[in-house]
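Asks: With the sequences and hints as input, model every part of the structure.
Top line first, the protein sequences correspond to chains A and B.
Quick note on our numbering: the first sequence kicks off at 1 and runs consecutively.
Quick note on our numbering: the second sequence kicks off at 1 and runs consecutively.
No lab work stands behind these hints: they were computed from the structure.
Be aware that one or more of the hints could be misleading.
Within a straight-line C-alpha distance of at most 20 Å, the following computed EDC-like cross-link-like pairs (lysine to aspartate or glutamate) qualify [claimed, not checked]:
| id | chain 1 | residue 1 | chain 2 | residue 2 |
| --- | --- | --- | --- | --- |
| 1 | A | K441 | A | E420 |
| 2 | A | K441 | B | D44 |
| 3 | A | K474 | B | D44 |
| 4 | A | K441 | A | E422 |
| 5 | A | K441 | A | E425 |
| 6 | A | K441 | B | E48 |
| 7 | B | K245 | B | E223 |
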Amino acid sequence: MSPDKDNHVNRRTVLTYAGTAAAVGLAGCSGSDGGDGSDGSDGSDGSDGDGMDGSDGSDGSDGGSESFEIGVTMGQMDSGLDPQDHAETNTEIIVGQAYEGLLDRDKQGGIIAGLATDWERTGDGNVRFVLREGVTFHNGDALTAEDVAFSIRRIVFDDVGIASPQKNDLGSIEEVIPGDGEVVVDFTSYNTIAFQLFATNGQIMQQSWVEENDGDYINRNTNGTGPFVVTEYDSGNQVAYEPNEDYWDGDVPVDRLTMSASSESSTRVNRLLAEETDIVTNVPPQEVSRVESSDVAGISSVPSARIIFLQMRYDVEPFSSQQFRQAMNHAVDVESIIENVLNGFGNITGQPTLEGHVGHNPDIDPYPYDPDEAERLVEESGHAGVEITLQTPIGRYLGDVEIAQAAASQIDSLSNVSCELEQREFSSLVQDITTGNIEDKPHFNLLGWGNGEFDGSQTITPLMTTDGALTIMKNEELDGLLADAEATQDAEERVAILQEANQLAHDLAPWVFLHQQFSVYGVSNDISWEPRSDEFIDPDTATQQ
Amino acid sequence: MSFGRFVLKRSLQGIGVVWGVVTVVFLLRFVTPGSAINAVAPLDASQETRQAIAAELGLDQPLYIQYGQYIFDLLRGDMGFSYIRGQEVAGLVFGRLPATVELALTASIVAIVLSIPLGVLSATRRNEPVDYGATLFSLGGISTPNFWLGIMLILIFAVEYDVFNTSGRGVDVGDVAFSVIGSEPFVGTLLAWLAYITLPSIALGTYFMALITRLTRSGMLDELGKGYVQAARAKGLPRTLVRYKHALRNTLIPIITVLGLQLGTLIGGAVITEAVFSWPGLGSLVIDSINRRDWPVLQGSLIIIGTSFVLVNVLVDAVYTYLNPQVVND
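Replies: Right, here's the structure in full:
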């Protein structure tokens, strides 16, 4: 374990040596990280982007770049280091440096090999993963099929140890059968997106290590197979890593990695500009110019897998009227909001499935901003003069309050609708949203949804179908389309069905379709790093400038 | 009443206060909107998953059983498990306490060392430039919000001039102490520690410093105008002796009371400063726990903060009584 808790190594080193110099009258001490190691990371390329069977195509190492130290500052730290007992992006980023799943994703969200080198469907619709050989956990023990089976079972079965919040993330699994260098996952019914689910979820732990340690220990320590080994865990403050010397994917080109957090966005930006960290997350729009105008860092952004929208409950007036819901879509000037509130960091949407995700319909255009058309539709709906209230969470999504203020103001500017805004603390709002009873849900609220599986069904099903956990909609045709998409085993046919569902969702307009949120990072000029579209941070792909 | 009985009485009252804090904080979770389950489970978790999580966290039990279990565990020294982190609350809370105490004590020491001489100087040189300067500083210090001051300090001294760190706690006072006997250079480690703690200490301690300066000034002015001071001067006692042994000692009695209360406030109230400087103390743990509805950690933190208040106040009462024995009889 490293005794150095400082992620601002240069400054501290300088101060330390300065102090030494002052004390003993010496000068000329050198500092800094240095290091000239080479890497050997490869670029696995045997991916498929559509969830079909595939295989690893690792193409060997390229080598040649220098080793270095890197710091990442996020908005919040982890909720413990158990990779199967959380449901948060920040925790996923922190534990995901040490743990891996059977499959992984590339920068664009395509499926690539992880701990499995081959994956396929068996004749009966179940899936088989062939495990990578020679993989060891950080404690030196070899990865086994039993470890993989145990890990999956720990997530989906309550009697294996914990009530995992990821239970639904791997689909409905009947049993997991370990074999000779392979694992077969037996689903209760044909799962069309099995590989998408395993590319996003299901990190692998060592069975004996989990069984030998209690929850407190597992949440403070790691024993994964990933590229980094946790060397220091200061709960809620900082996690330090060193490279896994035995990593199956070759040398990790980073000498030391530090993850820390600052809840204040200005503090994160200040840390970046003071060169105390290398990557900061969620740079707010108002801070972007400060970063871009500096000579030490820049902005790097990528469209994320998160869509932002205004939900309208189908069973209450005036939102029970399809015309009124469409009117709300015409009333909100989304492009103006993206430009003025989000500083351009957003893509306008017109359907629940984002571009690049399975089932996206390229023929659907967003609703144009047209207040006159909005007023006409409101008149036709019979709800002229109605008063509505938009509820928004505070600080949950990038610029959420400002976006809601702008949308409510634009709706309120219609001559025949009055709209007020109610700001709510997210925990309070989400309690109403997640109630199993639609009658308890808000009538009109802002929400965001991250689709880590990059599959349209993972947005439409929970949010728009009758039995969805977060639904505000009931439409038999839409339910039928999603059921068809789930039943079909033909990938092309499934895409066509989902595209049809997206067209129907556009027409039904249960949401005011707003935008695709961007992940906006501040990145030090000392490194070169490209962000991923699934919000995961992979410092092992960064290189020294 | 003897001094010992007085302190014992105060201590028993303190235990009652801590129990009240425990109970109120426990009950708050049931009237506060939002559920810990939503902080643990994903938005689209099924009702079955939510129920399983509730059962695992013990949230499916009736209120009185949860309360009884919590008090029982607490009396055994078990503060429970974090809903969110899955870690022992005691480890989390006591892991953060040193950072907060270090910050609060540093801010207090700096404030006391600077403010009392400044207050005395201001009182003894009334209506002179130094008095005007001290008054202006006091007003500014009391009026300035510490979050704004913190941000300004960071922008000027960390980002612009690169003298101090913007945030975090890379080196603690323990590192400095160990550097005396260890291999790390002492001066370098001390400078590194100062690079981290200086700005948050100033941001946190400025209000404190301004308050004590004003209290010292007004107290000294009051005492210097009293008859016993005139008598002491008339007897020929040196001016310095009269000021610092007699007048200042009497001035310190109300100041110590305020010091005690303020030290408790600094331990529990460094929330904003800790957030601005990402200082990993109890304040930031409280904020994080509130945001995540992590009630066991919040309860544990508030119990420690409440207990700190009580302990400091019992200590202040003891010192106060020592300085002014009449208090016991009053």
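Asks: Next pair to validate is K441 of chain A with E422 of chain A; report whether the Cα-Cα distance is within 20 Å.
Replies: holds (14 Å)
Asks: Would the hint linking K441 of chain A and E420 of chain A be met if the CA-CA limit is 20 Å?
Replies: holds (18 Å)
Asks: What's the verdict on K245 of chain B and E223 of chain B, does the C-alpha distance respect the 20 Å limit or exceed it?
Replies: Given pair K245 of chain B, E223 of chain B holds - Cα atoms ~12 Å apart, limit 20 Å.
Asks: Given the hinted pair K474 of chain A and D44 of chain B, is their Cα-Cα distance within 20 Å?
Replies: holds (17 Å)
Asks: Do the alpha carbons of K441 of chain A and E48 of chain B lie within 20 Å of each other, as the hint requires?
Replies: holds (19 Å)
Asks: Quickly compare the C-alpha distance for K441 of chain A and E425 of chain A to 20 Å and report which way the hint goes.
Replies: Holds: K441 of chain A and E425 of chain A sit about 15 Å apart, inside 20 Å.
Asks: Within 20 Å, alpha carbon to alpha carbon, are K441 of chain A and D44 of chain B?
Replies: With Cα atoms ~14 Å apart, K441 of chain A and D44 of chain B stay inside 20 Å; holds.
Violation of the numbered hints given earlier is absent; every hint is satisfied by the structure.
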